[in-house]
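Chains as they are written, first to last, in our numbering: chain X, 1 to 249; chain S, 1 to 249.
Bear in mind the hints are in silico, worked out from the structure with no lab data behind them.
Some clues are possibly wrong.
DSBU-like mimics (lysine-lysine), calculated; alpha carbons at most 30 Å apart, straight line [as the list claims (entries may be wrong)]: (1) Lys141(X) - Lys23(S); (2) Lys129(S) - Lys65(S); (3) Lys141(X) - Lys120(S); (4) Lys23(S) - Lys77(S); (5) Lys141(X) - Lys175(S); (6) Lys141(X) - Lys179(S); (7) Lys179(S) - Lys120(S).
Residues on chain S that point at chain X, a partial pick, calculated with CB under 8 Å [unchecked claim]: (8) Leu63; (9) Ile66; (10) Gly69; (11) Asn74; (12) Pro78; (13) Phe82; (14) Trp90; (15) Tyr131; (16) Ala133; (17) Leu135; (18) Gly137; (19) Gly138; (20) Arg147.
For every residue, glycine included, the Cβ atom is placed at its ideal position computed from N, Cα and C.
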Amino acid sequence: MIRSVARPQDTAWHRSHLARRRRTWVIMTGVILAAVVLALFGYFGSVGWGALAEAILRTTYRLAFAYFIALVIGVMVALIVGWLSLTDTLFPVFDVLQNIPSFALIPFFIYFLGYTDLMIILFSVTSIVWPILFAVLTAIKSAHRDLSDAATIFGARGFRRVPYYLAPLSYPSIITGSIVGIAIGWESIIGAEIIANTSGFGAFIKTASVSGINQAAIAGMFVILILVFVINRLIWAPLLAESSRRYAE
Amino acid sequence: MQNNSTKIALALSRVSARFEDDKMREVPVLKEISFSIPTGGFASIIGPSGAGKSTLMRVVLGLMKIESGTIVRNFSKPAMVFQNYALFPWLSALDNVAFGLRMSGVPKKEREKIAREKLKEVGLEHLEKHYPAALSGGQRQRVGLARALAISPDLLIMDEPFSNLDTITAEALKKDLLKIWRAYGMTILMINHLIPDAIELSDQIIIMGARPGSVREIISIDLPRPRDTRSERFFKEVDYLTGVIREVS
Numbered sequence: 001m002i003r004s005v006a007r008p009q010d011t012a013w014h015r016s017h018l019a020r021r022r023r024t025w026v027i028m029t030g031v032i033l034a035a036v037v038l039a040l041f042g043y044f045g046s047v048g049w050g051a052l053a054e055a056i057l058r059t060t061y062r063l064a065f066a067y068f069i070a071l072v073i074g075v076m077v078a079l080i081v082g083w084l085s086l087t088d089t090l091f092p093v094f095d096v097l098q099n100i101p102s103f104a105l106i107p108f109f110i111y112f113l114g115y116t117d118l119m120i121i122l123f124s125v126t127s128i129v130w131p132i133l134f135a136v137l138t139a140i141k142s143a144h145r146d147l148s149d150a151a152t153i154f155g156a157r158g159f160r161r162v163p164y165y166l167a168p169l170s171y172p173s174i175i176t177g178s179i180v181g182i183a184i185g186w187e188s189i190i191g192a193e194i195i196a197n198t199s200g201f202g203a204f205i206k207t208a209s210v211s212g213i214n215q216a217a218i219a220g221m222f223v224i225l226i227l228v229f230v231i232n233r234l235i236w237a238p239l240l241a242e243s244s245r246r247y248a249e
Numbered sequence: 001m002q003n004n005s006t007k008i009a010l011a012l013s014r015v016s017a018r019f020e021d022d023k024m025r026e027v028p029v030l031k032e033i034s035f036s037i038p039t040g041g042f043a044s045i046i047g048p049s050g051a052g053k054s055t056l057m058r059v060v061l062g063l064m065k066i067e068s069g070t071i072v073r074n075f076s077k078p079a080m081v082f083q084n085y086a087l088f089p090w091l092s093a094l095d096n097v098a099f100g101l102r103m104s105g106v107p108k109k110e111r112e113k114i115a116r117e118k119l120k121e122v123g124l125e126h127l128e129k130h131y132p133a134a135l136s137g138g139q140r141q142r143v144g145l146a147r148a149l150a151i152s153p154d155l156l157i158m159d160e161p162f163s164n165l166d167t168i169t170a171e172a173l174k175k176d177l178l179k180i181w182r183a184y185g186m187t188i189l190m191i192n193h194l195i196p197d198a199i200e201l202s203d204q205i206i207i208m209g210a211r212p213g214s215v216r217e218i219i220s221i222d223l224p225r226p227r228d229t230r231s232e233r234f235f236k237e238v239d240y241l242t243g244v245i246r247e248v249s
């Protein structure tokens, strides 16, 4: 259950984030070393690297689409709810809705959309959207009253409140919500691909496991781990550092 | 008093207000508040914690509904300086100062020119590109003051503007504030928790009692300006006001 997402402007959160980052580097160094050792011993000799790359690219593109849709929906809904001052009213409603297990919905998606890219993407949106929505709602709800008053007094009233106050206020939370959302997104997309079993990384590891080619499944996992790490380092870590610096109190 | 004392900038007559506490109970926070401030006057509000001083500011600015009573607002451009600065962390010092002008539709070039002038007035022209997180408490409060001055307010409300500052910074800011008040001729309503500060700055001191917040006494300060804070008359005023505060606490 996601009730709130930590805000990067909190000093304690920042300290624990640094500790987590150090741990991540240690773990990733271990993962890469393990992959190199296994490769040197010829463990991955039977892996079809072309098929693996195609599967991972397909999954990544689905995730990117799903994330983009979830980002637009999550942020827009949260901003509108915040703007209409309905946060307290709708927070419990969203809380109940996000508790519905995503995979319980997959038969509906398959029924209406079939075993298609669109089905996997839209299914994943239902998982990714919640952390983003809750992060933005929490940021708006927990904003210091003085800041909200300052925005009102100096003219950010009516709809102008959204672009000039609520949206920039929510920026750090959009980043933290996105990080959590994408982590959940990998799970839901790969899960949906395993169920749909048509294409993508989920289908790849399912086929590899069923065929007894464990090396392919393990190679895939190494590649995914490294990919997630690289995306995190190249995109999210700089954004997070920037928002921590600028939004520090 | 600087200007024509017959014109009233703000008048409250038997104003009462309530707010909802954590347990959704209606709690009376202001009870039958009555006072008036002449145009161009400098009034301070002093009272113990829980006297509803900040709530009163919100009521004056129309940010909170009143339960009963009448408020006459003879001002059109109010501005506020906050105890916790309430600067927008996503904006540079210059953009924070220009925020109100931007909301009023002032073109970028013009509003930046005005914002630079105001930053210069408060001695921070060299820090215009800095974000609030990179500024000290005193610098943030000066940016807050410049933001308020940028819209050329006719009423300036200040909520304990010196309470988070060290003595030297607070003294410097107080001198600047008096200069600015003389230059602009605006009406100032300030919440103050230091009796000597209130006497040094104000024409009129409104003493509030707590639970619910109510006006206990209104004292006119007719010491000549600039005020000598080491004079016998000044100390007599401090003694008298200390006695009154003790009675209401």
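### Query
Okay, which hints does this one fail, numbers in order?
Those not satisfied are hints 2, 3, 4, 5, 6, 9, 10, 11, 17, 18, 19.
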